[in-house]
Every structure is written in C-alpha cells, then in structure tokens.
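Engineer: One letter stands for each residue in the lines below.
2 protein chains.
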Amino acid sequence: MSKIRVVKQVLEWNDDVSESIKSITSEKGVTIINVMGSPGAGKTSLITRLIERLGDKYKIGVIEGDITDTIDADKIDKLHIPVVQLQTQGACHIEAMSIEHILPMFDLDNIDILIVENIGNLVCPAEFNIGEDFRISILSVPEGDDKVAKYPLMFSTSDCVVMHKYDMKPYFEFDDVRVENDTLDRNPKAKIFRVSSRTEDGLKELCEWVESKLK
Amino acid sequence: MSKIRVVKQVLEWNDDVSESIKSITSEKGVTIINVMGSPGAGKTSLITRLIERLGDKYKIGVIEGDITDTIDADKIDKLHIPVVQLQTQGACHIEAMSIEHILPMFDLDNIDILIVENIGNLVCPAEFNIGEDFRISILSVPEGDDKVAKYPLMFSTSDCVVMHKYDMKPYFEFDDVRVENDTLDRNPKAKIFRVSSRTEDGLKELCEWVESKLK
Numbered sequence: 328m329s330k331i332r333v334v335k336q337v338l339e340w341n342d343d344v345s346e347s348i349k350s351i352t353s354e355k356g357v358t359i360i361n362v363m364g365s366p367g368a369g370k371t372s373l374i375t376r377l378i379e380r381l382g383d384k385y386k387i388g389v390i391e392g393d394i395t396d397t398i399d400a401d402k403i404d405k406l407h408i409p410v411v412q413l414q415t416q417g418a419c420h421i422e423a424m425s426i427e428h429i430l431p432m433f434d435l436d437n438i439d440i441l442i443v444e445n446i447g448n449l450v451c452p453a454e455f456n457i458g459e460d461f462r463i464s465i466l467s468v469p470e471g472d473d474k475v476a477k478y479p480l481m482f483s484t485s486d487c488v489v490m491h492k493y494d495m496k497p498y499f500e501f502d503d504v505r506v507e508n509d510t511l512d513r514n515p516k517a518k519i520f521r522v523s524s525r526t527e528d529g530l531k532e533l534c535e536w537v538e539s540k541l542k
Numbered sequence: 328m329s330k331i332r333v334v335k336q337v338l339e340w341n342d343d344v345s346e347s348i349k350s351i352t353s354e355k356g357v358t359i360i361n362v363m364g365s366p367g368a369g370k371t372s373l374i375t376r377l378i379e380r381l382g383d384k385y386k387i388g389v390i391e392g393d394i395t396d397t398i399d400a401d402k403i404d405k406l407h408i409p410v411v412q413l414q415t416q417g418a419c420h421i422e423a424m425s426i427e428h429i430l431p432m433f434d435l436d437n438i439d440i441l442i443v444e445n446i447g448n449l450v451c452p453a454e455f456n457i458g459e460d461f462r463i464s465i466l467s468v469p470e471g472d473d474k475v476a477k478y479p480l481m482f483s484t485s486d487c488v489v490m491h492k493y494d495m496k497p498y499f500e501f502d503d504v505r506v507e508n509d510t511l512d513r514n515p516k517a518k519i520f521r522v523s524s525r526t527e528d529g530l531k532e533l534c535e536w537v538e539s540k541l542k
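So the protein sequences, as listed, match chains A and B. Count along the first sequence from 1, then add 327; that gives the number in the working numbering. Count along the second sequence from 1, then add 327; that gives the number in the working numbering.
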C-alpha cells in the first residue's frame, strides 16, 4: 500500500512548527516574546526601552519583522545586540516557519530573551503562533480607545496589553478605562500597563512583569 | 468533450469582479472611493468630514468595513445617509466580491459617491481592487514618518495620501517632507494633503480635489 502524503493546512502546520520551536527554546532556556501592534504603535521604541533596562541582566536577541526595508533592524543594531531582519516581502504577518528558519542564526546558548517584533498589523499576526512564550500587544493612545472592540482577537490572545504613548493622553479623547474593560471582558488574565517610552513612565512595572515571565 | 472548469486564483478573480463593478458604476454615474489606512489613522473621522462638506451637493453612501462590530457604521448612520456594515469576520481586507454583493443594497440611481472604509491595515487591503475609481490612503502623524518606506504598496497605489491629525505635529517627531518625498519617489502622480479633522485645516483643499475626480 502506498503511503498517503498528508498536506496540512497552513494554520495547523504553523502550530506544529510553533510547538517544535517551543521545545528547542525550553531546552536552551530562551524566552520568546511576540510583540504585536498597529503600524506606528511604537513597537520598536518599546523594544528599545526593554533592551536598555533588561540588557545588563539578560542576553537579548531581536528578530525584526518587516514587509521590506531594514529601518527598525538598523535602530536595534545600534544597541549592539544580535538582530536578524525578517522581510516578509508583502506578507502581513510572521509565521512560525520563518522563526524556525531564523533560530539557528542565533547562538541560543547565549540568549535569554528573543524578542520578535511582528508586522505592524492588528489582524493577521494574532492568528499565527510563532513559538512564543508570551505575547505583548501594544495599543497607542492616538489610535483610539475602540481598538480592542474592533480588533478583538489580538487583544484576547495576548498575555499583556500596553497602552503606549500614554503621555499623549491629554491631547486625544482616549478612555483608558474602556480599553481596560474591553480587554478584561475578553481576556480576564491579561496584564495591562500604561507606558510612555518617551517619559519612561510605566516601564519599570512592565519590565518587572516581563522578568516574572522568563524561563 | 466535457467543459473544463477553470477556477481562478483569488487575486485574478478579484480583479475581474472589480472591473465588473466599474462597469455598473460607470453606467450609474457613481464614484467609488476606497479609503485605507492603519487602525486609528482617523478614517471614520475623515469620512465624516467629507460627508459634512460634500453631502449637500452630492448623494453619498458608505460601506463600513470592519472585522466585527458596528462601531463605525453607527457613527456614519447618525449622519442620515445610507450605510452598510460589511463585517469581514476576521479577514484583514475587503475583496471586490463583497462589494459586488453589497452594491444592490444601495439605490444606485440616488448615489453620486460611494465611500468604502477599508479594514484598518496598511498591508493587505492594498492588494485588492474593489471596483474603486480612486484610493485615498491616510497616514496619521502619530504613526510616524517612516510608514511610506515600510509599507510602500499602499502608498504607491493610492491617488491621494492624507497626512492626518496634522494638528498633532508639534507633539511628535514627524518629518512631513520625508513622507512627501517617500510618496512621490514611488508614486509621482499622488496628491498629498495635510489635514486635521479636528481643526478642519486642509479639508477644503481635499474636498476640492475629490470633487475634481468625480464622474
């Protein structure tokens, strides 16, 4: 009897690869953080602040996901930590298969935290597990307080929601309590932080939470 | 000989349907505008302002694209114009097939302008023609001035780029000349407007341009 080849749907295949990444990082003691949010939510700025505050204590690497270009990877490279630019060439999200391909480019014995900056998009990235240990979703104040209700999947699958550019709150109609309630209604275990990467308010609390989640 | 069924790829099929929509709207004298931008770029606010300024002179209808919920459609409905909510139920863009399905819900003999608010996403919507006569892309100041370089397809396929929330420029590092140059390098024919829906600066010029593009 001939062997039947089974080709899995992308999402199912993606989840298998995600699990396989998790067993590699478990063995190596590496924590993968999947950082998601809209274009311009401030993902790169927040990652930069996390590296500045945690980089002395932990060895950090970054995978920068972008459609094209190396703008964000160039910024991270200036911090003198290992960074790989993943260009999706048009695709609107990162898949686990790409992370699996990139993982051997890092010396995992010398990495404690691998931060993945996902594509700026509130929709598709949420559907794809990428072997992460936890997810941080960023919602910046200028985007408006209705985004959790309008793009629920991302915020309901994240371990942590950061209301970012929080110093800009006086200039926008932004009801932070609505964001908090909309998140907790869908995702009661989510941690919520109010953070400004410019003034650095809220970063201490966020970093403490990140540390508590490391392997 | 049996007839061979040919199933087209989604993008090719989408373009066929887009052309078919165009022949219907040509006959009816309806102009379709595809409004695209990030979550929170201010698409609904800008559309509201366009309706306020053009609604006395032209009969306007709106298709509100959202992943879920009716938050934006409810806002437009208050303006007492025909509005249909298209829920993509997870999909990150609108396809022409959905517009074709919705079109008969409007009395096209009594519509001059049909505005489609696309899903908040700088990536996927740009790939799908939806029978539009022209595209307006919105980039809000708080998102940052690197977005044209990072998400080039949307801005290079748009007839008009609106730098939105322009009254917020003093509070952000935002180089409007960079945005203009990055756009014109990729798309020399693009019209560029600096607009605030809050202060209403720039709206007059944008409305005049929209009027010049109507059928």
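Be a bit skeptical, because a hint or two may be false.
The list treats identical chains as one, so a pair stands whether inside a single copy or across any two.
Taking lysine-lysine pairs in the PhoX-like style, the calculated list, with each CA pair at most 20 Å apart, reads [to be verified]:
{"no.": "1", "residue 1": "Lys477", "residue 2": "Lys402"}
{"no.": "2", "residue 1": "Lys355", "residue 2": "Lys542"}
{"no.": "3", "residue 1": "Lys355", "residue 2": "Lys402"}
{"no.": "4", "residue 1": "Lys405", "residue 2": "Lys477"}
{"no.": "5", "residue 1": "Lys384", "residue 2": "Lys405"}
{"no.": "6", "residue 1": "Lys355", "residue 2": "Lys384"}
{"no.": "7", "residue 1": "Lys349", "residue 2": "Lys518"}
{"no.": "8", "residue 1": "Lys516", "residue 2": "Lys540"}
{"no.": "9", "residue 1": "Lys540", "residue 2": "Lys355"}
{"no.": "10", "residue 1": "Lys531", "residue 2": "Lys386"}
{"no.": "11", "residue 1": "Lys349", "residue 2": "Lys531"}
{"no.": "12", "residue 1": "Lys540", "residue 2": "Lys349"}
{"no.": "13", "residue 1": "Lys349", "residue 2": "Lys384"}
{"no.": "14", "residue 1": "Lys531", "residue 2": "Lys518"}
{"no.": "15", "residue 1": "Lys405", "residue 2": "Lys496"}
No lab work stands behind these hints, which were simulated from the structure alone.
Engineer: With reference to the structure, classify each hint as holding or not holding.
Structural biologist: For each hint, the structure was consulted:
{"no.": "1", "hint": "Lys477 <-> Lys402", "result": "between (31 Å within a copy, 14 Å between copies)"}
{"no.": "2", "hint": "Lys355 <-> Lys542", "result": "within (10 Å within a copy, 63 Å between copies)"}
{"no.": "3", "hint": "Lys355 <-> Lys402", "result": "neither (27 Å within a copy, 51 Å between copies)"}
{"no.": "4", "hint": "Lys405 <-> Lys477", "result": "between (36 Å within a copy, 19 Å between copies)"}
{"no.": "5", "hint": "Lys384 <-> Lys405", "result": "within (18 Å within a copy, 54 Å between copies)"}
{"no.": "6", "hint": "Lys355 <-> Lys384", "result": "within (17 Å within a copy, 67 Å between copies)"}
{"no.": "7", "hint": "Lys349 <-> Lys518", "result": "neither (22 Å within a copy, 48 Å between copies)"}
{"no.": "8", "hint": "Lys516 <-> Lys540", "result": "within (14 Å within a copy, 50 Å between copies)"}
{"no.": "9", "hint": "Lys540 <-> Lys355", "result": "within (16 Å within a copy, 59 Å between copies)"}
{"no.": "10", "hint": "Lys531 <-> Lys386", "result": "within (18 Å within a copy, 53 Å between copies)"}
{"no.": "11", "hint": "Lys349 <-> Lys531", "result": "neither (28 Å within a copy, 55 Å between copies)"}
{"no.": "12", "hint": "Lys540 <-> Lys349", "result": "within (15 Å within a copy, 53 Å between copies)"}
{"no.": "13", "hint": "Lys349 <-> Lys384", "result": "neither (23 Å within a copy, 60 Å between copies)"}
{"no.": "14", "hint": "Lys531 <-> Lys518", "result": "within (14 Å within a copy, 44 Å between copies)"}
{"no.": "15", "hint": "Lys405 <-> Lys496", "result": "neither (30 Å within a copy, 27 Å between copies)"}
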